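So the sequence shown is numbered by my numbering: it starts at 1 and just counts up by one.
Derived from the structure by calculation, the hints contain no laboratory data. Keep in mind it's a predicted model, so treat the numbers as computed, not measured. Backbone N, C-alpha and C fix where the C-beta goes; we use that ideal spot for every residue, glycine too. Among the hints, a few may not be true.
[To be verified] When the alpha-carbon atoms are kept at most 20 Å apart in a straight line, the in silico EDC-like pairs for lysine to aspartate or glutamate are as follows:
hint, residue 1, residue 2
1, Lys155, Glu64
2, Lys49, Glu101
3, Lys155, Asp29
4, Lys82, Asp8
5, Lys49, Asp86
6, Lys49, Asp8
7, Lys82, Asp25
8, Lys11, Glu101
9, Lys82, Glu14
10, Lys82, Glu101
11, Lys11, Glu79
[Said to hold, decoys possible] Each pair of labels, with its calculated beta carbon distance range:
hint, residue 1, residue 2, range
12, Ile150, Asp86, 37 to 47 Å
13, Thr109, Asn33, 13 to 23 Å
14, Asp29, Arg90, 17 to 27 Å
15, Pro36, Glu101, 19 to 29 Å
16, Trp123, Asp25, 24 to 34 Å
17, Glu14, Glu102, 39 to 49 Å
18, Thr146, Gly63, 18 to 28 Å
19, Lys155, Glu79, 21 to 31 Å
20, Ser142, Glu102, 40 to 50 Å
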Amino acid sequence: MASARINDLIKNVEMARTRFLFGLDRTPDDRLNWSPGGEAPTPLQVAGKIATYAGFFAGLLRGEPPAGRQMPPAPETREAAKELVDSALRTLASALGGVSEEDFDRTYTAPWGAPVTIGEMIWWLPLVCGYAQGQLNLIQLSYGDTDPNIPDEWKQQGNSSS
């Protein structure tokens, strides 16, 4: 049974999913493979990264050994990126829903070699999602889009009467 301590985190991952997808929808076609320069990623590359990291974390939560750290190629289209991000973040939210109180003390070796608990690691998820959203927004800002891309459904929350 899922830990009650995890429900807010699941909501956070769902919010990250809807906001990132909304931001991809707002990216003009000619900017999907555009980079502000240097080693800066494109929106499609950022989509691939957030999906890869979500998959990595979901696997750890399910008790799977960490896979290789090779970044797969970026999705080639907006639709492919959206499907990848949507699926990965939904899978992550589902994996979070399976975290029990006992799982919080389970350890694994972090990429930098230190042992960490699942209880510690799960709170990195908002950082990872926020980092990817920040990259997408900075890329968009680089070509003049100053909209923070807050999904309309977020604006509707709390405004409905029952």
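* Please write out, lowest number first, the hints stated earlier that are contradicted by the structure. => Hint check: 1, 2, 3, 4, 6, 10, 11, 12, 13, 15, 17, 18 fail, others pass.
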